[in-house]
Amino acid sequence: MPAETDLKAVLGGWPPAVLDPAGPYSEPVTLLSWALLIGGAVVLAIVLAALGVALWGAPSLRKRLGGDKAIWIGGVAFPVVVLTVLLVWGLWLTGDLAAKAPRPGEMRVRVTGEMWWWRVSYLDKAGRPVMQDANELHVPIGETVLLELDSADVIHSFWVPRLAGKMDMIPGRRNLLRIQADQPGTYGGQCAEYCGGPHALMGFAVVAHTPESFKRWRAGRLAPRPAPPPSRGQELFLTSGCAACHTIAGTEARGLAGPDLTHVGSRRTLGAGILPNNRGTLAGWIADSQTLKPGNRMPNYKQFTAEELNALADYLAGLK
Amino acid sequence: MKTWAILLGGLLVWTTHFFGLYAIAEIAPSRWITVLLTVPCLGVDAFLLLRGRRLEVRDTFAGWRRSIALGGVALSLVAVCWQALPPWFAGTE
Amino acid sequence: MKSETGFDPDLFNRFPTQGDRPEGEEEGLKRVWCAPKGWEYLTVVNNNYVGIYYLGTAFLFFLLAGVLGLLMRVQLAAPLMNVLPQATYNQVFTMHGTVMMFLFAVPMVEAAGVLLLPQMLAARDLPFPRLSAYAFWAYAVGGLAFFGSLFIGLAPDGGWFMYPPLTSKAYSPGINTDFWLLGIGFIEISAIAGAVEIIVGVLRTRAPGMSLDKMPIFAWAMLVFAVMIVIAFPSVILATLLLEIERAFNWPFFDATRGGDPVLWQHLFWFFGHPEVYIIFLPAAGMMSMIIPTVARAELVGYRLIVLAMIATGFISFGVWAHHMFATGLPPMTAGFFSAASMAVSLPAGIQVFSWIATFAVGKPRFNTPGLFAMGSVVIFVTGGLTGVMVALVPFDWQAHDTYFIVAHLHYVLIGGMVFPLFAAMYYWIPMVSRRPLSERWGRWVFGLMFGGMNIAFMPMHLSGLMGMPRRIYTYLPGSGWDTLNLISTLGAFMLAAGVLLFLIDMARNFRLAPEEGEAGNVFGAGTLEWLPTGLYSTRSIPVVKSREPLWDDPNISEDVERGRYFLPRTATGRRETIVTSPLLAEPQYVQIMPGPSVWPFAAALFTAGFFLALTVQAYLFALVSGVLGILAVLCWLADTDLPVPENDVDIGAGIRVPTYVTGPQSHGWWAMMILIVVMGMIFAMALFSLAFLWGNQPSFWTAPPPMLEALPIALGYLAVIAAAWGTRELHRIGKSWAILPALAGAIVAPALLWLDIGAWSAVTAPDAGGQGAAVFALFSLQGMVAAIAVLMALYLGWRQLRRVVTARRNNTLDLTCLFIAYTGAQGLVGTLFARSIGA
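Protein chains in written order, with the numbering used here: chain Z, 2 to 321; chain A, 31 to 123; chain R, 16 to 855.
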C-alpha cells in the first residue's frame, strides 16, 4: 500500500485548504467563508444565550422572550437583515467567479475525468489539442487558465480547493472553470463526486511555475523528441500489451484507454495522486496495481520477472 | 375553498413567482422578463396584504385564519423580493 | 360561529350528557374492537397494533443503518485501514444513507402518525385501516429483503442518490442497483398509502369541534408532511421507473451519448430529495411542539406562527432542489434563484426555534428526559441550520459541496431535527402504550451519551471537510492531515452508539405493551387528547373539543369521556365506525363504517414483495404469478367493503342523527381518490417535464413529432372517455340499471386510443432510439398503466353490479371508478397533445 510521501503537499494538512487560498478564484470565497463561520458562531451563541435565558434567566428577561414579538424578531426580522446581506454578497460572487467564454489569449486546457484518473489535454488558441498528459496540470502563475471539464464515463468533479471551488464533469456537457495560482507550488486536488470503485484514490495536482520556468517546461514538451534508443524496457512495453491502452509519442504505442505515458517519468505521482513516482513504485504498479488501487482499470501484470519489471520501470522512469 | 385560498394565497404567489423564474431562466434568461413577473407578483402580495388586514375577526377561527393569511403574505413578500435579486447581481449568462 | 355544513354548533352544548349510559354499550365496543389472538396478529388493521409494528420495524432499520455507520467510522478511523474492502464500503455507505432516509426516517414519522393521530384526534382509527396494514407489510417485507442484499454482497453501491450514468447498465451491470430500485419501490408505495391515510384522517376524522385552529400541532405537521409526500414522491417514483426501464430495456433517458441527460436524474431526484428533508423534519418538529409545552407546563407560544411556518416550509421547500446541483454548472442566475429560496426556507425554521424558546421562557421547564432531548435538539438543529445557510450560498457551496463539511451539516440537521425529537417523543409517548414509563435516571445517561457523542462525532467533520476531505471515500492517504479528526469522529460515533444501546436496555427493562390492561398514562401531565383513557377502540366516547389543550381546560373531560357522555359512546351499527367531520370546523357529517381485520392486506403485501423481488432477480414467471395473486388479494380485501348499510342514519349521542353512508365530494373515499389522482397527475407531470427537459438540453437528437392534426381523433376519443365516465355517474343517479355501460366502454376505448398514438409514433422513432423516443414512450407507458388500472376497476365495478352490491342512486365504488376513468381520459388527452408539441 502507498507509503507517506511528499503527497502532503498535494492535499490536506494545516491550514485547511479552503481557508488557505492561493489565487483570485478562491480568495474571495475564503473571505466569505470566514464571515460565515464567524457569523454562524455568533448567531449560535445568541440562540444558546436565548435558550439559557428561557431556561434559567431572571423572570423579567424571560418575559421578554416569551411572546410572538420575540418570535418575529428572532425568527424573522433578524434573519431577514442578515440573510439579505449574505444573499447579495453570495450572488455577486457567483456571477463574478463563474467562468464564461474564453478570454482572448487565455490559456486553455481540457481536463477529462475518467474512471479513476484525469486526462489532461493542452489546447491551442483555436481549441485544438497540442499536448497530452495525465493527472497533473502545469500552469504559469499570475494568469488565468480556463479549464474545459469533460467526462469520458460517469460524473466526476474537479476540485483544487486552494485555487477554486469544484465543478462537476458530466457526460454530454462541457463545464468551464477558471483558475489562477499566484505563487509557484503544487496544489492538490481530488475527485469530489462519487464515481464508484476507487473514487477515494483519484487525486490530482496543479503545478504552478514562474512564467520563465513555465515557458521552459512548455518548450520542452513541444520540442520534437528524438526517438529513444531501443531498450529492453521499450521492447517489453510494445510486445506485452501495454501499448493497447497507452500512448508513448514517437513509438508505436498509441493506445487511448489509459493515461498518455509520453512524459510519465516527469510526473510527481503515480496512480492518480496516490504514490510517489519512482522506479520502485512503477515496477510495483505494473505488477500489482490491483492491490495498490483496487478496482482500477489496469490489470495486474504478474507474468513479468523481476528483471523484466526493472527494465520496464527503467524505461518508463526515463520518459521525462 | 375560500378559507384555503385565504390561508394559502401568499404562498401561492410565491409558487407562481419561483416556478415562473425557473422557466424564464431555462427558456429565455433576461432581466426584464423577470421584472415583468416580479412586479405583478409583488402587486398581488400587496393586494392580499391589504385585503387580509380587512378580514373580519368575528371569532377565534376567523382570527386565526387572518393571522395565517397575513403571515403567509409577509413571508411571500420577503421571498419574492429575494428571488428578484439574482438577475441583477449574478448576471443572466 | 358560522357553520360550515349547516350543522348547528349549539348542539355541541348538549355535551357532556348527564347520567349513566345503558349497560352493555362498552362491551359492544370491546367486542367489535377485540384484540387478536395467535395468527390474527398478522391480520390486524387497528392502528394501535399496526402503529406499534410500524414503529418497531422502522426503529430496527435505524439500528441496522446505525451499525453500518459504525462500520464506516471504523474503516475511516485511520488512513488505509482494511476493515471494509472498497467494494463492501461502497455498498455500506450506500445502504447507510438509503436505509436511514427511506427505511428509517420516513416510515418512522409515518408510523408515529399512524399510532398517534387517531388518539390525538379522538378518532377510533384512521379512515383506511386496511391500507395502513398493507403499507406496513409491504414496507416491512420489502425493506428486510432489500437489507438482506447486503449479506450476499449484492447491495447497491451507487450512493443513496444513485446518479446515472454510474448506476446505468454500462457502469453497474450487476443487480445491485436493481435492488435499490426495488427497495425504494416499496417505500414509495407505503409512503403514498400513508399520505392518503393521514391527509384524509387529519382533515376528516377529527373530534367534533376541533376546528383547524384547535388542531394539535402534530396533526398540522403530519398534514403538511402528507401533502408534501403527495407532491414530492411522484418525482422519485418516476425517476426510479425511468432508471429501471433504462437498465432493463435500454431506453436512454440518462445516456448523453444517445440524447438522454444524466442531469435529468438529478432534477427528478432532488425535486423529491430536498423536500424529503423537510418531510422528515416537519413531523419531528410537530412532536417538539407537542412535547415542549408539556415539559414547560405552558401553552405553546406562537401556535399560529408555527402553523404558518409549517405551511410555508411545505411550499418553499419545493424551490430549493437545485441547491444540491450548484456544482453541475447551473447558470449563475438559475443558481441564484435556488440560493434565494434556500434562504427563505430558513425563516420558518427560525420561527419554530424561537417559538420553542419562547414556550420555555413563559413556562416552568422541567429537565426530564423528554425535556433534555428537546433542548438538545434545539442546540443541534440550530447548528445544522446555520451551516445550511452557509451552503445555500453558491460560492461557499462550490467549496463545501461533497465534502465532509456537508456530512457534518446533514447529520446536525437530521439528528437535531429528527433523531433527538424522536427520542424525546419515545420517552414522552411510551407511557401512552406501555404499562411502565422508561427510566428517568437511565434517560439522562442516554441523553448525555447521545448528545456528547453526536457532537464529538460530527463537529470535527466540519473541519475535515474544509481541509479537503471529500465524501464517500473508503479510505484516505497518510499525511493528509485528516487522521486525528477522523479518529475523534470515530470515538464520538461509538459514544453515540453507547447511548442508543443504553436506550435499548432500558426498553427491554421497562417497555411492556398494554393495549388492554391499562397504560402508565399521563405521567407528564399533558393537555391533549391522546392522554384520554383508551381501549382498543380508542376513547369510550368522542369528546367535543373546545380548546387546544382540553385536558388542561376541562378537568372532568377524562371522566365524562370514559362514562360515554360524548359522541358515539357505543357502536351504532354494530360494526367498527368513526365520526367523519368537516375539514375546517370539524362538524359531524356522517358515521364511517370501517373495515375490520383481514388477511388480504397482508397477502397483498407479500405478493407485492414477491412481484418486485422476482423482477429484480429476473424470475419473470414468478413475478407474473405474484403480480396476479397480488391483484386478486387486493380485490378480495375490497370485496367486503362499501356494502349496503341497513340503517340510513344513526344516533351518535344526545339525539344527534347523522347518515351512515354518503357519496360524492363529502365522502372520505372521494377524498382519497382525489389524492391518488393528484399523485398520478404529478407522476405524469414530471414525465412531461422530462420530455421537455431532454428537448431543451439535447435538441440535436430530436426528430419532428407526428403532425398535431392527426391527433385530433385521438383527442376527441379521450374527451369521449371523460364524457362516458361522467355520463355513468349521472345515469346511475337517475336510477338507470344499465348506467355502468358507458364507463365500461370508456375504460375499453382508452387503451385503444393509446394504441393509435403508439402506432403513429412508432413510424417516427422508437423507445430505444434516443432520449426523445424514450421519453415519449415513457409517457405512453404511464398512460398504459393508468388505462390498465381503469380497465381493472371497470371490471370490478361490473362484478359488483352482478353481485347487486352497487347501491341504488348513489354508490361510492361507482363514483370512484368513474372519477378514475375520467382521469385516464384527461391524462391521455394531455399526453397526446404535449408529446406532439415538444419540438414540433
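Source of the hints: derived by calculation from the structure; they are not laboratory data. Beta carbons are placed, not taken as given, at the ideal position from N, Cα and C, and that holds for glycine. Some hints could be false.
[Claimed, not checked] In silico DSS-like links for lysine-lysine, alpha-carbon gap of 30 Å or less: (1) R:561 / Z:70; (2) Z:216 / Z:64; (3) Z:70 / R:379; (4) Z:216 / Z:126; (5) Z:64 / R:17; (6) R:17 / R:561; (7) R:379 / A:32; (8) A:32 / Z:70; (9) Z:64 / R:561; (10) Z:321 / Z:303; (11) Z:321 / Z:216.
[To be verified] Listed next, the stretches of chain A that the computed footprint assigns to chain R, with coverage defined by at least 3 CB atoms under 8 Å from CB atoms of chain R: (12) 70-78; (13) 108-119.
Between residue 32 of chain A and residue 70 of chain Z, does the CA-CA distance stay at or below 30 Å?
holds (29 Å)
Between residue 321 of chain Z and residue 303 of chain Z, is the straight-line Cα distance small enough, at 30 Å or below?
Roughly 26 Å separates the two Cα atoms, so the pair holds.
Restraint check for residue 17 of chain R with residue 561 of chain R, where alpha carbons must lie at most 30 Å apart:
holds (15 Å)
What's the verdict on residue 561 of chain R and residue 70 of chain Z, does the C-alpha distance respect the 30 Å limit or exceed it?
Measuring from Cα to Cα gives roughly 26 Å; hence the hint holds.
Proposed proximity, residue 561 of chain R with residue 64 of chain Z (alpha carbon, max 30 Å)
It holds: about 27 Å lies between the C-alpha atoms, which stays within 30 Å.
For the pair supplied as a hint, residue 379 of chain R and residue 32 of chain A, is the alpha-carbon distance within the 30 Å limit?
violated (40 Å)
Quick check: do three or more residues in the region 108-119 of chain A have a beta carbon closer than 8 Å to a beta carbon of chain R?
holds (count 8)
If you draw a straight line from the CA of residue 321 of chain Z to the CA of residue 216 of chain Z, is it 30 Å or shorter?
Holds. Residue 321 of chain Z to residue 216 of chain Z sits at ~16 Å (cutoff 30 Å).
Please work out if residue 216 of chain Z and residue 64 of chain Z have their alpha carbons no farther apart than 30 Å.
violated (71 Å)
For a C-alpha distance cap of 30 Å, please report whether residue 64 of chain Z and residue 17 of chain R respect it.
violated (36 Å)
Can you confirm whether the C-alpha distance between residue 216 of chain Z and residue 126 of chain Z stays at or below 30 Å?
Distance of about 16 Å is within 30 Å: holds.
Taking only the CA atoms, is the gap from residue 70 of chain Z to residue 379 of chain R under or equal to 30 Å?
holds (20 Å)
Violation of the numbered hints given earlier is confined to hints 2, 5, 7 and 12; the remaining hints are satisfied by the structure.
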